[in-house]
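The residues making up each chain are set out below.
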Amino acid sequence: MVLERKRILVGDDSETITTLLTAALESSGYEVTTASDGQETYDLGRGGEFDLVIIDQLMPGLLGLEVIDRWHDEGMQTPVIVLTGVDDDRTAVDSLDKGAVDFVRKPFRVPELLARVRHRLEA
Amino acid sequence: MTAIEVTQLSALIIFAANALLVAGLIALKTVHRSRARRHHRRKTQYMALISRHVTYANCTDPITNRMASDPAFLDALIDVRNAVVGPEVETLSGIVDRHGVIALQEARLRSQFPLGRRLRAAVALAELGDESAAATLMDHLADREPEVRIQAARGLGRMKWTPAIDAIVARFPVETPWVRARFADTLLGFGAAATWPLIAYIRVNHHFEREGPVAAIRTLAALGDDQAAQPLIEVLRNATDVEVRIATIEALGLLGSLRSAPALRNQARSADWRVRAKAMTAIGDIGDAGSVDIIASGLNDANWWVRRNAAAALTRVKGGVDRLCAALGGDDQYAAHAAAEALTEAGEVGAARQRLDDGRPLERDRVLVERLIGVGA
Amino acid sequence: MIHQVLEWTGYVILVYFILMQGYMTFLGARSAAALRRTHHLGRYGRITEMLSSRTTPPVSIVIPAYNEAAGIVDAVRSMSLVRYPRFEIVVTNDGSTDDTLALLIEAFGLERVTIPYRPDIDTAPIKGIYRGRGAVDITLIDKASGGRADALNAGLNAARYPYALCTDADVILDPECLMRAMQRVVEDRERTVAVGGNIRPLNGSRLELGHLIDASVPKGLVARMQVLEYIRTFLASRPAWSEMNALPLVSGAFGVWKRSAVIAVGGFTNGHLGEDMDLTMRLHRHHMDNRIPYRIVYEPSAVIWTEVPDTLRVLRRQRIRWHRGLMTAVKDFMPMTFNPRYGLVGTVTWAAMVLFEYLAPIVELAGWLIIPVALAVGALNIASFGWLVLIALGMGLMNSLVALLLDESYGYFNSPSDTSRLLVMAMIENLGMRQITVVWRMRALFGGGAVRSWGDMERRGVASLGARP
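Chains as they are written, first to last, in this note's numbering: chain A, 1 to 123; chain B, 1 to 377; chain C, 1 to 469.
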């Protein structure tokens, strides 16, 4: 029986984060696509082809929360995890309000992030 | 050669110089650009490699010493280190240890030149925050390059390497203002651990120098550790330099300890207007209601700054607003003006007018507004 | 006999020209070195440290306003977004006849206050002072009309902080410009009395809240020529002048001044068409006369944007005004010219300003007159003439190339079309456009061309006196 690999979209303007996340997720067996700004993330994600989206709050162009908003309006169902800065409580709460399923603070613990991803995808 | 020929020759020389400059700039840029591109490419590869090591413990992708000496590798390592927390940082430290990264950077830092590479090494050691580099960084607090000194202090601050505090404070008298300011920022990062070294330094040196102790006093104020209040009160009693005195008064105000009140009241009677003015503000900062008389007398001071600061202080001290209202109706028109300004700035006037409009005024509100009109506000 | 005269005159012109080119080359090379050094150091996070440090000095942003109802509220709002830990905005309404005052009071909820106002510098009478209580620290001074210098002086009087950024209402500040300029101050607080910034023409570019969205070379030739001029002066001249501590001009559109120093020399001079150059030179003179250690520097990364004239008519008025201002300054500072007592300012940069800026129109005009006559009379042969013209055009092109290469690091004009437009402009500007400015400046020298005072100038594109190409 061939299990299809789960597909994850990662949107962050920091190359470090995207590389790190790609390495971590791919080594766990997921297929990763990356985007480096809000617009690109929005365009790639709106079709609903991904199983999970991880998006950074602060990106040039469209902000992470705005992207989630738009997806929400268009009825996109893919679960979204938001990455926020350490001191940014307000974003964390806002993101949950807007329909994200979870948030992760930067800098983060890789195993913890992977656990949350696994949880979302196997739920 | 004739004059014309000389002129023509000079013209040619200048033309050639310009052409050389243009060519040189183009060459420099091209080299720089291609180097940057290659650096970026390698950095991305290294980031992927390091990320894999961080993600799963038994990653077998090789990292060679040669890679580890590549500046792109170091950049990648530092970036990844800043993005993660927890045991992953241990993994990165492991990589650093196994490949002698710290030792290499230390060697680069110790070399005489080029400045760019030394500076990058200093930054790298500061960012990596590995304690094995502490000794080297301590040595380089006295480096001949100011930027290197700043990075050394920064690194020691990030590691919270407490022996560095004394070394940094000891450099206050000899440092340039820019470096001293950055050192002060680093000391703030140490928090309360920096308090006593700073106090020790101030105690010993304030009779001999001005700038270093003043910077140290300001840093103490920024640290906000009120253990510093008592020692500073003593400094104030013994201070001979007026700038030191002023900085100490300001610091005591910011530290906010009521214990400072008697000493500050004393200073409010100083012969020097600058000291009086600062003392008024400081008493206002600590909010000592018992000093209200002293501050109120400041309203009648001959000097404008003292009057202004006294008035502002009265708005922050219990019972002060009443004194200001009294001054508004008094004979001393300078005091009245100062009072008017302070009451307006503090919003008392606006609040009084609002309460009058709402029909729920305090006793003094009507009087306040009337007197303000009398003063011409 | 005529032969001799022509030959010698031609020779003098040639020497003049070569000296000028030599000077420009020297400045270009020195600026390149200076810019390389600042680029190097800029990479180590100084800016973020300064932003969060407690030792960063507070600054007053001083803005003179005369009949600026059209954009004053937006301008003040956008200036309040500048990234700096502590600052206040001081706007002076210089007897506007439109709604400037009312608009400001309403937009920012200002109230009239009775703070004592200390006239450290004498100005026209103050009618009232207003302060706001909102998030932005604004002080508005309403006074009788007195001109830009007078308005700035009133603003300086009311400013509470030790440093003042003097600018104009129609200038757009880059969010980090103040931070970057103050970096130069903090490096050496004792000695730094003024910092000049980098002015870029806004024409053809789009900005939003001070952030550059799209930079592109303007379509109009008039504006395009000025883009090149500004790049030449701000990247290939001023860095060199700054290194020599001999900056003859801190632009009125962006200058960070140490308040106490400006007050010590009496503030900006009223009625002067070049009050920024005048103040800068007076500061040099004052500190050198009194042997006070000081420095006046230029920061290339402190950027502001302003609209430049895009028609010949408006440009003409601006250039005549500039040259008039220069004339007054030359007269006022004649004792400093070539005077070794005044260091590099007197002997190099100011001397060069007099020789190569002030006298340039005369020499160039003489050149155009002499050369055809010399050719006709046979004192000059075609080969020499041709060679001369080639060198002249070539050197002019070189100056522009050096400047463009230095500017390229900042990455404003990236597309090939922008670069080629600027290169073409560099080649053709000596074929007519420069000559026109020479004619205008001649008119200024000999009194032609009615020029009204600052207050009456057409609003678009003429407010800031600044870059001298």
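One or more hints might be untrue.
Just some of the chain A residues that point at chain B, by a computed CB distance under 7 Å [unchecked claim]:
1. Ala23
2. Ala92
3. Arg109
Simulated crosslink set (BS3-like; lysine-lysine; CA at most 30 Å straight-line) [as the list claims (entries may be wrong)]:
4. A/Lys106 / B/Lys29
5. A/Lys6 / A/Lys106
6. B/Lys29 / C/Lys143
7. C/Lys143 / C/Lys127
8. A/Lys6 / A/Lys98
Because the hints were derived from the structure by calculation, they are not lab data. Where a beta carbon is used, it is the ideal one built from N, C-alpha and C, also for glycine.
Do the hints match the structure? See the list:
no.: 1; hint: Ala23; verdict: holds, 3 Å
no.: 2; hint: Ala92; verdict: violated, 16 Å
no.: 3; hint: Arg109; verdict: holds, 4 Å
no.: 4; hint: A/Lys106 / B/Lys29; verdict: violated, 36 Å
no.: 5; hint: A/Lys6 / A/Lys106; verdict: holds, 24 Å
no.: 6; hint: B/Lys29 / C/Lys143; verdict: violated, 52 Å
no.: 7; hint: C/Lys143 / C/Lys127; verdict: holds, 5 Å
no.: 8; hint: A/Lys6 / A/Lys98; verdict: holds, 24 Å
Hint violations for this structure: numbers 2, 4, 6, all remaining hints satisfied.
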